[in-house]
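Top to bottom, those sequences are chains P and Y.
Take 2 as the starting number for the first sequence in my numbering and just add one per residue.
Take 95 as the starting number for the second sequence in my numbering and just add one per residue.
No wet-lab data here; the hints were simulated from the structure.
Since the structure is predicted, the reported quantities are computational estimates derived from the model, not experimental observations.
Worth double-checking, as some hints may not be accurate.
What the simulated footprint calls covered on chain Y by chain P, stretch by stretch (three residues with Cβ under 8 Å from a Cβ of chain P suffice, anywhere in the stretch; the number is not a length) [as the list claims (entries may be wrong)]:
hint: 1; segment: 172 to 184
hint: 2; segment: 191 to 201
Subject to a maximum C-alpha distance of 30 Å in a straight line, what follows is the list of computed DSS-like cross-link-like pairs (lysine-lysine) [said to hold, decoys possible]:
hint: 3; chain 1: Y; residue 1: K169; chain 2: P; residue 2: K425
hint: 4; chain 1: Y; residue 1: K174; chain 2: P; residue 2: K425
hint: 5; chain 1: Y; residue 1: K120; chain 2: P; residue 2: K425
hint: 6; chain 1: P; residue 1: K425; chain 2: Y; residue 2: K106
hint: 7; chain 1: Y; residue 1: K111; chain 2: Y; residue 2: K181
hint: 8; chain 1: P; residue 1: K19; chain 2: Y; residue 2: K234
For each residue, glycine too, the CB sits at the ideal point set by N, CA and C.
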Amino acid sequence: MKVLDIIHDANSNLWRSKLRSFLTILAIFVGSFTIILNSAINAGVNQFLDKQIENMGGEGYLEMMPKSTYDSISSMLNNNGIIEYTEERDNGETTSYIKDEEVEKAKNLDGVESFYLLSSASADYVTSKRTEKRYRAMMNLVVPGITFDMSNGKAPNTDENADYEIAINEDLAKALGYENIAEIVGEKIQIAVPNTLKCYSTIKRNECQTIIEATVVGTQAPGILSMAGSRANMALWNRINEINTEGLPEGSQHSYQAVANVDPEKKDEIKKQLEEIGLSAMSVEDEAGMFQTFFDAILIVFNIFGAIALVAASIGIINTLFMAVQERTREIGLDKALGMSNSKVFLSFTAEAIMLGFWGSLFGIVVSMIVGGIANKVATETFLSDFPTFQLTIFEPWTMISIALIIMFIAFLAGTLPARRASKKNPIDALRYE
Amino acid sequence: MKSALISTRGLKKIYGKRDSKFEALKGIDLDIHSGESVAIIGKSGSGKSTLMHLLALLDKPTEGSIKLNGKNTSKLKQGKLNRLRNKEFGFVFQSFFMNSNDSVLNNVILPLKIAGIRRSERRRRALEALKTVELEDKAKNKANDLSGGQKQRVCIARALVNNPKIIFADEPTGNLDSATGAKIEELLFSLNRNKGITLIVVTHDEELAMKCDRQIRIADGQIVADGVSGAKHDPKLIEDENLDGMRDKNHTKEIEVEEK
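So here's chain P without its partners, still in its complex pose (with noise of 0.2 Å):
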């Protein structure tokens, strides 16, 4: 017997029962779809964390603080914030800054691309031409080296000596009163950058405040890594450093943070060397792997979910198979003895349940696309507006293919059991059966 005949009356056999297949298949659906659509949302958020990761700068990108202040912060998180005093160890340099050998050592690491000490910069608000109202200001730098995925113009100039420009988030150019995000390119903004040493001694904030103005050469789309920055230039930077620390003594300056640009192959490498030197790295991935542990918790909530459905489907194939091969025991004993091998006998009613779980995960796949893109729709007309570029579910053809594939191979397990009872019946018994 041919296996494409076997094939053929598998299914036509599925059709003799219709309500007890369709029953079975529908059970093997739930799991199929539930494992299906998980997979597909997982696929669609990595895709937005990456496209996130993207956004902060990168996989080479590090951020650095000396290690004794990591540890101080960690420990702090770990212990609700209590903590024993000890002499040794809480010196009064918990909080370090990042000392010149760390750096140079830190320059000289294999792999390391571009390093730069950060100098704080802080200023206090942004406004435009077109708006009365003030926002309060984060800042951060644009690291060279590090590319940046704009949604209108381009980034920021890294050169020292270039002007200061500035990328800012496309919510915070809606709220400058740029309704078409696109006209802000371009535009000049006014930032409030204060002076430490002006603002100790005085008591009204905007006499201590210089304003200066920076052109917007780009906006980035909002996300959720990097929701309220705006990146400012090098020149721009280290234009609100000087004003920030105007008149403070020389060398009272330190840096509590560092960047560095690395080599996105070796990062992990990198990284255990950093800390050797003493310097705690985090990469973009850290952050975000926070995220996504929770994320996938869930996800792993939901695949058991799927998983019990398809063992619950299993005893399902299991008990129509049983049931099929009790009530075709006459039929099974002609075709033994018109010649057919027991071993055909098996692979025929297996090739069945592999059928259930053929339909089971196809009706599985079509219908969870179906659901996936409504969801989408929904989802970025409603609460995924801000972020246009965020797809819920993502189908990718061989996840899908291999979960059907698999759960064809549970299917397929499922039915031995019945089809070896089959294949072992003797045709004699199996044609006197009544």
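Chain Y: place on chain P using the hints.
Relative to the frame of chain P, chain Y by itself:
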């Protein structure tokens, strides 16, 4: 004399063990020659069905040998036995055993499908077999919609479709009224005469048994009588015996029992 097509020596079949032991066949020596029509007659429980199952290689004897065309079958592997049954034997059963929801054509095709013959070829051969039983116009009908006599003709077509050397018929007319049964008998005997197919009929019906060339009577697992009938065949059918010489060449060739 030509060697026997089927030859059994000391054939025993024992069911169960020890206390519940039941000896269904107690040592059967039997030779059946090619082209014969043989009736195995006996009451229910006599062992006639067991004998047929052994002859048809559906079951294995506890003791004794079955030679098919001079070759011992006990050493053949299961796969070989399956192929032998598929290619060389045809089966007709009392209660038909059809897939009632399938079409007539598909029922006839079954042995060819098991043999793995391609679609167009098996369709052609099945239609040919249906023509022999004069049911080619019913090919597309559902098997269930046929009358009892038609069903048995479909089963004969199914037994015929692989050009078998032997047809085993187990009470072929048992479920039919006498008029319909007579037609089925006529069909089986004409296949025996015209195509040279050896016919082995298991029955308790004396009338049917007497129409065969030879009657083997079984009682309590033993042959109690083996003889040639004096009043064989209807007078109407005797005329057809002249056709014996025109037997299909294909069917006089010997069964090939390949040995491993």
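Results of checking the hints against the structure:
no.	hint	in the structure
1	172 to 184	holds (count 8)
2	191 to 201	holds (count 3)
3	K169/Y / K425/P	21 Å, holds
4	K174/Y / K425/P	18 Å, holds
5	K120/Y / K425/P	28 Å, holds
6	K425/P / K106/Y	24 Å, holds
7	K111/Y / K181/Y	34 Å, violated
8	K19/P / K234/Y	22 Å, holds
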